[in-house]
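K.L.:
Letter by letter, the chains look like this.
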Amino acid sequence: GPKVLQIPSHQIIDMGQMVTLNCDPVSNHLYFYWYKQILGQQMEFLVNFYNGKVMEKSKLFKDQFSVERPDGSYFTLKIQPTALEDSAVYFCASSLFGNGEQYFGPGTRLTVL
Amino acid sequence: QQKVQQSPESLIVPEGGMASLNCTSSDRNVDYFWWYRQHSGKSPKMLMSIFSNGEKEEGRFTVHLNKASLHTSLHIRDSQPSDSALYLCAASMQAGGYKVVFGSGTRLLVSP
Numbered sequence: 001g002p003k004v005l006q007i008p009s010h011q012i013i014d015m016g017q018m019v020t021l022n023c024d025p026v027s028n029h030l031y032f033y034w035y036k037q038i039l040g041q042q043m044e045f046l047v048n049f050y051n052g053k054v055m056e057k058s059k060l061f062k063d064q065f066s067v068e069r070p071d072g073s074y075f076t077l078k079i080q081p082t083a084l085e086d087s088a089v090y091f092c093a094s095s096l097f098g099n100g101e102q103y104f105g106p107g108t109r110l111t112v113l
Numbered sequence: 001q002q003k004v005q006q007s008p009e010s011l012i013v014p015e016g017g018m019a020s021l022n023c024t025s026s027d028r029n030v031d032y033f034w035w036y037r038q039h040s041g042k043s044p045k046m047l048m049s050i051f052s053n054g055e056k057e058e059g060r061f062t063v064h065l066n067k068a069s070l071h072t073s074l075h076i077r078d079s080q081p082s083d084s085a086l087y088l089c090a091a092s093m094q095a096g097g098y099k100v101v102f103g104s105g106t107r108l109l110v111s112p
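Top line first, the protein sequences correspond to chains F and B.
Under our numbering, the residue at position 40 of the first sequence is numbered 40, and the numbers go up by one with no gaps.
Under our numbering, the residue at position 36 of the second sequence is numbered 36, and the numbers go up by one with no gaps.
Chain B with its partners taken away, still in its complex shape (with noise of 0.2 angstroms):
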């Protein structure tokens, strides 16, 4: 069965540092990653998808992949406050009928 490990669990940095938070899936057959942000009882919204390997920047957001090694990276600069909550990574496969697997997310806290 499809896993998405997600690390750290939870990270704590100072407002205007950088947040690195990382995915990996365990299925080599996966096509597509999305990165997603869900604010406390909120629902979640998308932040980035990255399909091919390589770097996407949007604004401070940068995502990584590696196909290769199924790794996804999301990368956040100049944290601000209002970036704090649970950032989930998801993962899925054309041939699983576009079945969506997410991880257990990363608790992200941008200290004032």
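Same shape as in the complex, but just chain F (with noise of 0.2 angstroms):
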């Protein structure tokens, strides 16, 4: 079925680092999420993002975190600077439609220190 690839699988970093998760969803897919999940906790709603602009944020999504999809590139998550509360699985997902069914990747495992 249709994959999403998420880059890189885990991450460690130092606290006030940046970061940058990347996303590849799947190819004709026009929404695009970020979701934070903390190990074996409730998946968090971050963003949603269609046609190069952000639709709605939770308040999890804070003014140091940024998306972008450049030229129809990966999707992108910067988080600068991090903070030791980053850390968690974030899952990065594509839907053809706003009601459709979402792909989810992999997730990348973000450890701040």
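It is possible that some hints are incorrect.
Derived DSS-like pairs (lysine-lysine); straight-line CA-CA distance at most 27 angstroms [unchecked claim]:
| hint | chain 1 | residue 1 | chain 2 | residue 2 |
| --- | --- | --- | --- | --- |
| 1 | B | K56 | B | K45 |
| 2 | F | K78 | F | K3 |
| 3 | F | K78 | F | K57 |
| 4 | B | K45 | B | K99 |
| 5 | B | K42 | F | K78 |
| 6 | B | K99 | F | K57 |
| 7 | F | K57 | B | K67 |
| 8 | B | K99 | F | K62 |
| 9 | B | K42 | B | K56 |
| 10 | B | K45 | B | K3 |
| 11 | B | K42 | F | K59 |
| 12 | B | K45 | F | K57 |
| 13 | F | K53 | B | K3 |
| 14 | F | K3 | B | K42 |
| 15 | B | K42 | F | K62 |
| 16 | B | K42 | B | K99 |
| 17 | F | K59 | B | K45 |
| 18 | F | K62 | B | K3 |
| 19 | F | K3 | B | K67 |
| 20 | F | K78 | B | K67 |
| 21 | F | K59 | B | K3 |
| 22 | B | K56 | B | K67 |
| 23 | F | K59 | B | K99 |
| 24 | B | K99 | F | K3 |
Covered stretches of chain F (chain B as the covering partner; in silico rule of three or more C-beta atoms under 8 angstroms from a C-beta of chain B) [unchecked claim]:
| hint | region |
| --- | --- |
| 25 | 36-48 |
| 26 | 93-101 |
| 27 | 104-111 |
Quick caveat, the hints were computed from the structure, so don't treat them as lab data.
Positions of the beta carbon are idealized from the N, C-alpha and C atoms, including for glycine.
Hey, can you piece these two chains together into the complex? The hints should help.
P.N.:
Set out below in structure tokens:
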């Protein structure tokens, strides 16, 4: 079936550094999402993105977070600067329609030391 | 702020039994509900979606939706050990820019 790829699978960085998480969504999909999941806990919506713009973001999407998808390449989540509480698994997802099935990537496990 | 409540938090059913999971949204404007399954250490995979009142069946899985009460339920018949996973309910609104809110999940264990 359709696959979403995420790079890297695991990232360890020091608090205060910048990190960019990369997502390669399903090729014909139009809607893109980032979620945060702390181990074993709830899946939390961060942001969704369509037609080059952020559509909605949650309170978890702090000012230090930004997303972009330049020229149809990777859909990225940048955190600058990182904080200890940013440690989590970040899942990217994509869908063809706004109310369509979302396909999730395997996640990037971010550890902030 | 929209909340999605799931119950029970955890559930144990014997192999071959029926598992019933519940989900309710607090926001009357919700248009869409999904059920996802997440095995440990993996990403969620969509099981079923439901947008209209009524029932939908796919194989061993049946989902119900009552839009008046904003309640959806997932039923798994002939449960298998491979069904053991975290089941996540999600809801979104077109008017809300398709922002998706997940419940905290029901952890299902199917005992052989």
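K.L.:
Take the hints in turn and mark each one as holding or not.
P.N.:
Hint check:
1. B:K56 to B:K45: Measuring from Cα to Cα gives roughly 18 angstroms; hence the hint holds.
2. F:K78 to F:K3: holds, 22 angstroms
3. F:K78 to F:K57: The given pair, whose Cα atoms are some 14 angstroms apart, holds under the 27 angstroms limit.
4. B:K45 to B:K99: holds, 18 angstroms
5. B:K42 to F:K78: Cα-Cα ~23 angstroms, so holds.
6. B:K99 to F:K57: holds, 7 angstroms
7. F:K57 to B:K67: OK: K57 (chain F) and K67 (chain B) at ~25 angstroms, within 27 angstroms.
8. B:K99 to F:K62: Satisfied, since the Cα-Cα distance of roughly 16 angstroms is no more than 27 angstroms.
9. B:K42 to B:K56: OK: K42 (chain B) and K56 (chain B) at ~26 angstroms, within 27 angstroms.
10. B:K45 to B:K3: holds, 21 angstroms
11. B:K42 to F:K59: Given that 27 angstroms is the threshold and the Cα spacing comes to 25 angstroms, the pair holds.
12. B:K45 to F:K57: The hint holds at about 22 angstroms.
13. F:K53 to B:K3: holds, 25 angstroms
14. F:K3 to B:K42: Roughly 14 angstroms separates the two Cα atoms, so the pair holds.
15. B:K42 to F:K62: holds, 26 angstroms
16. B:K42 to B:K99: holds, 22 angstroms
17. F:K59 to B:K45: holds, 25 angstroms
18. F:K62 to B:K3: With Cα atoms ~20 angstroms apart, K62 (chain F) and K3 (chain B) stay inside 27 angstroms; holds.
19. F:K3 to B:K67: violated, 32 angstroms
20. F:K78 to B:K67: violated, 38 angstroms
21. F:K59 to B:K3: At roughly 14 angstroms apart (the allowed maximum being 27 angstroms), K3 (chain B) and K59 (chain F) satisfy the hint.
22. B:K56 to B:K67: holds, 14 angstroms
23. F:K59 to B:K99: Holds: K59 (chain F) and K99 (chain B) sit about 12 angstroms apart, inside 27 angstroms.
24. B:K99 to F:K3: Between K99 (chain B) and K3 (chain F) the Cα gap is close to 22 angstroms, so the pair holds against 27 angstroms.
25. 36-48: holds (count 6)
26. 93-101: Per the Cβ count (3), the hint holds.
27. 104-111: holds (count 4)
In summary, the structure is inconsistent with hints 19, 20 from the numbered list given earlier, while agreeing with the others.
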